[in-house]
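Trainee: Sequence:
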Amino acid sequence: HTDKINGSIIPALLKNRLFIFLNLTMFLYVGAEIGTAVWIPNYLSEEFGLNVSTGSIVLGVFWGLMMLGRLIYSRAIEKVSAVRLMSISTIGGRICMLINLVTNNASRSILALSGTGLFFAGIWPTIRAYAGEKIPGYSGTVFGIIIASGSISAVIFPWLIGIISNYIGLKYGLSIVPI
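At the far end of the sequence shown sits residue 193, using my numbering, and the numbering has no gaps.
Hints are computed from structural coordinates only; laboratory data are not their basis.
Predicted, not measured: the structure shown is a model, and the values here were computed from it.
C-beta: ideal position from N, C-alpha, C; glycine also.
Hints may be right or wrong, so weigh each one.
Estimated spans, in silico, between C-beta atoms of each pair [as the list claims (entries may be wrong)]:
no.	residue 1	residue 2	range
1	L32	I190	24 to 32 angstroms
2	E147	I182	35 to 43 angstroms
3	S95	E60	33 to 41 angstroms
4	I170	T68	26 to 34 angstroms
5	I86	S59	42 to 50 angstroms
6	I166	S59	41 to 49 angstroms
SDA-like cross-link-like pairs, simulated, lysine to any residue; straight-line CA separation at most 25 angstroms [unchecked claim]:
no.	residue 1	residue 2
7	K185	N65
8	K29	P150
9	K148	I91
10	K185	M80
11	K148	I161
12	K185	I161
13	K29	K185
14	K148	I159
15	K148	L38
16	K93	L82
Work out the full structure, taking the sequences as your base and the hints as a guide.
Mentor: Rendered as structure tokens:
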């Protein structure tokens, strides 16, 4: 059955530029998502003096808008190409993070961080859908490796943001997200 995990296809996948690109995209996306989410309460506390409870509420809004965004994107993918949807999601998420990083206003930062969750919502499922469409027949193997790429970055990005933050501040640590 072609949808099962098939380790013998891995060498061919590693030569496939689209597969490599999708892995890199998932790596960067999950790193940005988790890197942002992990640091929201600390960032709002450090930059704006908000208490951790407020930061935790904003984190809940980030994830809530992520869920709402997934519902919206699940409908949008029927009308808009995956590439266009990914572009909208990525650009929107970057703009929101940049607004967050340049503002000196807590309310704008909260709105921008919340918007980041909404825009980021479409990236993960769209990468998976696009991979399934463009690399058919090996979904178990393809999805497994792409998701593993994201999982690796979920460990690396929060740590990297923390290291940068220790030296030059959390705002600069989070600046790796929109890059």
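Trainee: Confirm or reject each hint.
Mentor: Evaluated hints:
no. : hint                               : in the structure
1   : L32 with I190: 24 to 32 angstroms  : 25 angstroms, holds
2   : E147 with I182: 35 to 43 angstroms : 42 angstroms, holds
3   : S95 with E60: 33 to 41 angstroms   : 40 angstroms, holds
4   : I170 with T68: 26 to 34 angstroms  : 28 angstroms, holds
5   : I86 with S59: 42 to 50 angstroms   : 30 angstroms, violated
6   : I166 with S59: 41 to 49 angstroms  : 28 angstroms, violated
7   : K185 with N65                      : 17 angstroms, holds
8   : K29 with P150                      : 16 angstroms, holds
9   : K148 with I91                      : 15 angstroms, holds
10  : K185 with M80                      : 22 angstroms, holds
11  : K148 with I161                     : 16 angstroms, holds
12  : K185 with I161                     : 28 angstroms, violated
13  : K29 with K185                      : 38 angstroms, violated
14  : K148 with I159                     : 15 angstroms, holds
15  : K148 with L38                      : 16 angstroms, holds
16  : K93 with L82                       : 18 angstroms, holds
Hint compliance for this structure: hints 5, 6, 12, 13 are broken, all remaining hints hold.
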